[in-house]
Structure formats: C-alpha cells, structure tokens
Amino acid sequence: MRTVVVAGHGMVGHRLVEALIGRDLQRQWRIVVLAEEVRPAYDRVALSSYVDSWDADALTLPAVLDDRVELRLGDPCVRIDRRKRTVRTASGRRVVYDALVLATGSAPFVPPVPGHDLPGCYVYRTPEDLDAIRVAAQRAMQTTAAGRRSGVVVGGGLLGLEAAHALRQLGLSPHVVEIAPRLMPMQVDEGGGALLRRFVEGLGVRVYCGRATQAIEPDRGRMLVRLSDGTELDTDVVVFSAGVRPRDQLARDAGLSVGERGGVLVDAGCHTSDADIWAIGECAAVEGRCYGLVAPGYAMAEVVADRLLGGHATFPGADTSTKLKLLGIDVASFGDAHATAEGALEVIHNDPVAGRYAKLVVSDDARTLLGGVLVGDAEAYGTLRALVGAVLPADPGALISPSGGELDAGALPAGAQVCSCHAVTVETIGTAVRDGATTVPALKACTKAGTGCGSCVPMLKKLLAAQGVEQSKALCEHFTHSRAELFEVVAATRIRTFSELVAKHGTGRGCDICKPAVASILASLSGVLSPGSHILDGEQATLQDTNDHFLANLQRNGTYSVVPRVPGGEITPQKLIVLGEVARDFGLYTKITGGQRIDLFGARVEQLPAIWRRLVDAGFESGHAYGKALRTVKSCVGTDWCRYGVQDSVGMAIALELRYRGLRAPHKLKSAVSGCARECAEARSKDFGVIATENGWNLYVCGNGGFRPRHADLLVSDVDTETLVRTIDRFLMFYVRTADRLQRTAPWLEELEGGLDHLRDVIVHDSLGICAELDVAMAAHVAGYADEWRGVLEDPAKLARFTSFVNAPGVPDPTIEFVEERGQPTPAHRRPGQPVLIAGPTLTVVP
Amino acid sequence: MTAQLQRHWRVVCRYDDLVPERGVAALIDGVAVAVFRTHDGAVHALSNMDPFSGASVLSRGIVGDREGRPTVASPIYKQAFELATGVCLDDPGVVVATYPVRVVNGVVEVWSS
Ligand SMILES: Cc1cc2nc3c(=O)[nH]c(=O)nc-3n(C[C@H](O)[C@H](O)[C@H](O)COP(=O)(O)OP(=O)(O)OC[C@H]3O[C@@H](n4cnc5c(N)ncnc54)[C@H](O)[C@@H]3O)c2cc1C
Ligand code: SF4
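Residue numbers (our numbering), protein chains in the order written: chain A, 1 to 847; chain B, 1001 to 1113.
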C-alpha cells in the first residue's frame, strides 16, 4: 500500500478522503491526515449557525470510518522534505509519503491598520473565533450600557454580513464598513446592492460603504474605529472579514511555485511544481487563480482522487454562482453577473416596493443567458443558473417578471449544472433516474445532488417530473391520492368511514397499506370530526393493524408486549412494584426501553384484558407503543436534582407527553426534554426535542435515531413555555396533515420544499394562514383524549375480541412456547417444520 | 356416508360473530385455523400459521384485495395471501393450507379431514 499524506482536514481535505476511500476499491492507498485544528472536519460554510446552538458537534461532517484512514488532530504539518519525501509535524513526528496533498485552506486577511491587533479584534473562520467573540459580547453586556453596545464589521461581503448577523444575535448593534460602493460587491451589482442595503438597514445594521477603516484606537475599555471620511464609531468588538489569503507558507518554504497573488500554484490536474505534491481547496491557485468557495475545492478533491488512482481528470473550471439567505434575505448571483462579456445586455426588473430586484445578463442577440443577479426573491435561481449558456426558452423579461414564466426543467441542456455544490449535471441526474433513483432522497443518496446547500432540491423534483417519472404519490392500488391528499379529502368531506371513502374516492376493498393509513387519518381528525370516538369503534376496528387492533405490540412468536405510559420517565416506587407484580403473575419478560419506560413481553391475546385491568386499576394508561402516535417524552432530571439544570425538564416533559398522548400521526413520534445545554436527554435525536436555556427553551425538530440518524434542527430559540407549546402544537399538526404514510419527521423535512425556513414561515409566521386551523385541531385533540385501554375494559363488545380461539376462548395457543434465558421467559425459536431450538446455558424447555 | 361427513364438519362460531373483513382463529382438532368473512358475505378458512414467521397469527391480519382478489396480509412481515387459494401473492411458491368452510343455519363450520 502507498501512503498519501493530506495536510489539512478542512472541508476539502475531508472531501478528498471520502472520494479516495470511496473509489479505491483495490486498496492501493492508505491516508494519513494531519490536521491543525483539534476537531475533525466540519461544515465551515454553516459556521454562522453555531451561534444558534453553540454546539460545534452539530457542524461536524460525517466521518469516514475506514481502517485505511489515520486522522491526527491538533498536529499540523510544519515542514516538507521533498528529497526524502517526508513531512514533519509540530509534535515532531515524521511521515513518509508517496503523495502529499496540501489542503491547508486560507487565513482571514486582516488589513494592517493601526490597532488591528488590539484585544477586542477578531476574525471569523472557526468555532473558536466565534467563542471568543461571544465572550467579548458577554463582557460588553456587563460593561457597556444597553443601547450603546455595538460591534464593527470590517468588510461588507458575504462573510461580513454573516458576522453582522452573529453580532446582532449576541446583543450588539452591528456596523458594517465596506470599502466598495456597495455591499457584497463580488456577487451583486449596483441595483441589487442598493436593495440589499435597504433590507439590511431595515434589520438594524448600520452600513458605511465606500469608506476605508483607517485606525482602531483603545478608548476607555472600548474601542474607537476611525473611517476614511472622518466618521468615528464607538465599539466593543471589531470583526475582520475583509477577504482571505491562501495558506501557502509550507509550500513556499519547500520551494514550490506559488501564484502571483499567492496560493500554491497547480495545473489543471492539481499538480504542484513537484510531481508528488498536489494542492486543493482554498490554498491552491489553479493555473494562477484561487477560489474562495467550497464547490471548486470539492471539484479539485475529486480531480486528485481520480489522479491518485491513475485517472486523468482535470479541474473543470468553477462556477462561482452563489445563492444564499443572508439575515433572511435571498441573494443570488450566477454566471457573468457583472456583464463583462462583449456586447452583453442587461434586462432588469426592479421593484423596490415589493423588495425584489432581478437582472439577467444575456448575449447581444438577447437569446443566450450569460448570468444574473437576484435579490429579495431567488426562487428562479435553480433553473436560471442551470440555463447559463443555453438558449433561453422564453423572453428574458418574462422570466424575471413577478408573474414569472415558470421554466420547463425539460428544456435544460444535458450539461447544465443542477447542483453546484457537488457539480452534478442534468445528465447525471437523468442517468441516475434511469437507473432507478426515482425519488429525491434516492437521487441525494446516489448523486449527492441536493446534499450541500440544498437549493437545488426543488429543481430535482422538477427534473424527475420532466423525465416522466410520475412521482407517484398514490398510496396503493386502491387510492391514487397521497396520504396528505387523503387527509385533506377526509377533512373537507367529513367522511368518517373507510367504506364510504373507498367507494367515493378509491377502488376495491383496500389493503394493509391504505386501511391503517385511513384509520390513522380518521383518528388524527377524530377530535374535530367525531369527538369521543375510540379507534376500535365499529368498522374502524377492522382497519387497524394488529398492534392497534389489540392495543399491544405483536412480537415474532405471535405474543404481544405491553407498555404502559410513564410520562417523562418519572415513576413512583408503588407503580414500579405493580409493574413487577403484573410481570411476575403473568410470566412476562421485562425490559427497560430506550424511552424511559418498561416493556412487558410475551402476553397472549387473551391475557391482555386481565393484565390491563390490573394496570388501569393501579393508575396506568395506554402508552401507545403500538400506535403510529406519540411514544414518549424522555427527560433528564433538570432543576429538580441536577446542579447544572436551568429549567424544570421533568415537568415540561410530563406536560408535553400528557398533551400529545394518543395523537395519531403518519409515523411514531418521539421527544425529549433536557434541562440544560449538556443535553443528557438526547433531545436532538428526536422528532421534537426541547433544550432548556437560561431564558427559556430551544425547540429542535425533525431529528431521528434509527436507520438513518439525523440531528434535529433548531426551529426557535429562547422562547417561553407558551410559545414553545404553541409552536410544537403547530409543528405536529402540520406534520400530521402533510407527511406521507410512514414518513418520519426527518425525511418529511428533507422533502419539504423550502426546508426548515419554509417550516418556520408556516408555523411561526403563519405564511399559509393555516395556524388558526392547526391550533383548533390540536385543541380538539387535547380535549378529546381518553385512555384507549380504559375504553376497551369498559366495553364488553370490544373485550370480546381478546380471545385465543372463537370456539375455545380459554385455550391458549398451543404453538406459543417459551424457554428461559437469563432468568426470564423468551420465545422458543420456532420455524415451520423445525423443532424447538435448544440453546443457552441454563435452559428449561417449557412443555 | 352423510353421518360420517357430519362428524368432520367442526363448528367455528355463529356467522354473525364474524366481523366483515376481519378474521378469527378457531381450534380445529388441535390445529389453529383462520376464518374470514369478506365484505360480500363469503367465508374463507386458511391455516392460521404464517409460513414466513412460524407464528400462528394469520387471523389477525388485515383483509383487503389485490387486483380484485380477496387477501389477508400477514401481520408479521405483511405478505399477502389469497383467501380463496392460500397462495402467497408476494411469493407464489408459498401456499398455506385452505379448508372447506360452510354456513349452516347461521353457524360457520370448517371441514377437518
Ligand atoms: C463564515 C463562513 C461562511 C462561508 N460561506 C460560504 C458559502 O456560503 N459558500 C461557499 O462556497 N463557501 C463559503 N465559505 C468558504 C468555505 O468555507 C471555504 O471555501 C472552504 O471551507 C475551503 O475549504 P478548505 O478545505 O480548502 O479550507 P479550510 O476549510 O480552511 O480547511 C483548511 C484546514 O487546514 C488546516 N491547516 C492549515 N495549515 C495546516 C498545516 N500546515 N497542517 C495541517 N493542517 C493545516 C486548517 O486549520 C484548516 O482546518 C465560508 C467561509 C466562512 C468562514
Ligand atoms: S441536561 Fe443539564 S440539567 Fe439535564 S441532567 Fe444533563 S446536565 Fe443536568
């Protein structure tokens, strides 16, 4: 095996590791990554989101787990010996390489103005930088009077505006100083810049364009920033975001060629002037040019991975198009945004009242799209960017007018890039679709498209449609509707039986897919449509999966498990004793679940009522472990006991569990509440998770453990209890209304057009005007809740179903057999035609 | 002859005890049989043993149809079995036993051989 040493574990270095491990099927290479930072590669592009949670782990990129990769954190490469082909690390270690890849990124540029190195001056590139800014902001809270606390950002580009936003979140009023005559001069033109400035100022950010920062002076514990026009700004913090410089010192010291304006000089194959050394990412100057975006870096990583394996890939040139949401404002720029091509024409639509600016740059015959700028509404970005270089399908003016000529995705040329983060073209998507990836999640998995910034997800949907893949949302052969559509049908028509629904809106008699789905919809809506009903009433009982039918969980040997509700995981000794007694008396296997409750296994159908009689008498109620419904709200002990707790997490968990118990949903729902940021309850792996803060609660949504783990996203922060509960109410009802059958919240959010921002718009800002309905629906659910097991015990007709055999009600199923394992009964392994498997050290075979 | 046949029809339950589109289990000479009533009033009897899991549970599956053929879906791994023939529609090599069944004077009976 040969050794490739990678210097730098940033986004691009990490991408190289992924690409090489993924493709090196013959195991030709082992990889040693030398990283200066102490944490493994993280999503620097999303650095600003760190201010929401202060959880750096949330930024971490998925690790490459492979025995060929050795990652040395906190041990940078300090010297290259090209003759001996070795590198030395700061800790003194020597590593011999066959190939060396420099992926050292860049460093923020700090203009050498007097005072730039005062304490209180920071850069904006790592979580540590943000931590330091946070400390300084907190100090300002103590020392500077409210209303005067402020921060100056030097540089009004993308990063500067992100930094201004962060300062605002930290309680400082931000001032942005930009030497160019407009904000984001690289991306937007004058018209777009003017609108952007209006938006930004509307958010309380003071903007000083066309002015240079001349000096920073200490001023009675604070600082004074002097601008070139004489303006003086009092400030607590200064953040430099005036561009970056490639980190090429290692290469310079080793005598490698560097670009005119810095950066390790490489050719289109990413080779440096030494055949064994390569450079990628922000530190590289490809044919003399450095790129400050992640997508070109990824492309370079792919080139080197290919070449290390004997290929001849070359850097395809970079698309420096960008689309971002800055302080909630959409800004996009693509192609030749500044109309530099000869004869280029500009078509502009500027509506300052509606807050919308759009410019298309087209060829002199107005037929070919060359580039453009969008501010305020960047909806059309995906399609327009992919069209760059192609003949326009419509009059350019029509394309950007608000009534908007909706573009046909089918008109895109094969080479058009759909996903610029991962350089995925229309053609690649087409091939993937033909190979069977016919859903957005499948496309994400096999092409990576849509997994970067996500702005191309709507485009993926359109492409699927254009390829004629009918995104069949049909539930099954009996309904052409999706679950969400059926939900709307039921809500609107108030049809209350499956028979009527399938007769009027479907075909046939239904099946194990549509019947439980409809049963769930009827149950979700029962608070509104049929208060006081039970899921086993009348025909509805026949629709239920066996779990819901017997209000218990079917296990592989035909027995059931029983899980009473233990809200928040809090239980009295007396109740715990009852559970033990019931388990003992009915011979049940007992296990603690991950959701802080107790699962009793091995109950036969005919035993369930007697078991539940005992449980209900002792004050237990159904835990809905059998339903696609709220399961548990886990909690840590919070302020009751924990010395770190800042809120009563147990009380909150119990309140939430009691509020949402019994709510039927497209899939199961799990939740947790942690009493402080230490997050002992693992709330961020839940469908909705709550974490206490000093000021209230943070709500995270759409997390998932299970098969495809996903961290939950922060939806709202520092809210009071009332707002928290209202937001969860709406979140749950919106999910119940719009998700597909058996779609958990995580994939639901991934497919939701507009993602988290859209979700927030809908349930926090009521952008669809449905919040009142959602609130009513949840109120009806809460008011209509009744324990399902009590309902069965009180109704002889329902109880009558719990028999082993209609013609021999008392006789237990003779095929159910147990063996003893670790002192408890477990199912005897039985397969048809096979004898009982005898296994285990201390085994008694029950006859 | 008739007398002998009579001995082999075993009583399951009253027809009215069967809920349309749901099954019950009956114990016929020590063997579990699943008996279903479909929406059109027909009655079917199949072995209750799910061949994929080995559990005696088919009577607890959801009754429906596939392309018009009445089915029950195993509650364990969800394969569909045709009620009339016992053929597994997801894996036609697998067939569960079916039993003759009739309704006499409002009583459901299964033939045990
Ligand atoms: C706040 C912010 C927002 C951004 N937003 C966007 C955006 O919206 N879109 C976009 O495309 N780009 C954005 N960027 C730029 C993007 O993050 C970079 O282009 C990308 O991270 C470059 O990746 P890299 O691996 O080349 O460099 P880096 O991510 O900087 O990684 C280089 C790593 O190498 C380490 N290193 C340096 N020297 C050595 C050494 N001698 N030995 C070992 N390790 C070393 C460094 O510590 C660092 O960890 C943003 C950047 C920031 C800071
Ligand atoms: S999350 Fe915080 S409050 Fe809860 S147990 Fe952990 S440290 Fe204590």
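Where hints are given, some of them may not hold.
What the hints assert, rightly or not - Dumping the calculated DSS-like pairs for lysine-lysine here, alpha-carbon to alpha-carbon at most 30 Å:
{"no.": "1", "chain 1": "B", "residue 1": "Lys1078", "chain 2": "A", "residue 2": "Lys504"}
{"no.": "2", "chain 1": "A", "residue 1": "Lys444", "chain 2": "A", "residue 2": "Lys462"}
{"no.": "3", "chain 1": "A", "residue 1": "Lys444", "chain 2": "B", "residue 2": "Lys1078"}
{"no.": "4", "chain 1": "A", "residue 1": "Lys325", "chain 2": "A", "residue 2": "Lys504"}
{"no.": "5", "chain 1": "A", "residue 1": "Lys473", "chain 2": "A", "residue 2": "Lys448"}
{"no.": "6", "chain 1": "A", "residue 1": "Lys798", "chain 2": "A", "residue 2": "Lys461"}
{"no.": "7", "chain 1": "A", "residue 1": "Lys591", "chain 2": "B", "residue 2": "Lys1078"}
{"no.": "8", "chain 1": "A", "residue 1": "Lys798", "chain 2": "B", "residue 2": "Lys1078"}
{"no.": "9", "chain 1": "A", "residue 1": "Lys84", "chain 2": "B", "residue 2": "Lys1078"}
{"no.": "10", "chain 1": "A", "residue 1": "Lys575", "chain 2": "A", "residue 2": "Lys473"}
{"no.": "11", "chain 1": "A", "residue 1": "Lys444", "chain 2": "A", "residue 2": "Lys473"}
{"no.": "12", "chain 1": "A", "residue 1": "Lys504", "chain 2": "A", "residue 2": "Lys473"}
{"no.": "13", "chain 1": "B", "residue 1": "Lys1078", "chain 2": "A", "residue 2": "Lys668"}
I should point out that these hints are in silico values taken from the structure, not numbers from a laboratory. Just so it is clear, the structure is predicted and the values come from calculations on it, not from any experiment.
Evaluated hints:
1. B:Lys1078 to A:Lys504: Cα-Cα ~26 Å, so holds.
2. A:Lys444 to A:Lys462: Roughly 14 Å separates the two Cα atoms, so the pair holds.
3. A:Lys444 to B:Lys1078: holds (28 Å)
4. A:Lys325 to A:Lys504: violated (45 Å)
5. A:Lys473 to A:Lys448: Between Lys473 of chain A and Lys448 of chain A the Cα gap is close to 23 Å, so the pair holds against 30 Å.
6. A:Lys798 to A:Lys461: Not OK: Lys798 of chain A and Lys461 of chain A at ~46 Å, beyond 30 Å, violated.
7. A:Lys591 to B:Lys1078: holds (26 Å)
8. A:Lys798 to B:Lys1078: Status holds; Cα separation ~25 Å.
9. A:Lys84 to B:Lys1078: Distance ~64 Å between Lys84 of chain A and Lys1078 of chain B Cα, so the pair is violated.
10. A:Lys575 to A:Lys473: This hinted pair is violated, its Cα atoms lying about 46 Å apart.
11. A:Lys444 to A:Lys473: holds (19 Å)
12. A:Lys504 to A:Lys473: holds (19 Å)
13. B:Lys1078 to A:Lys668: holds (19 Å)
Comparing the model with each earlier hint shows violations of hints 4, 6, 9, 10; every other hint is respected.
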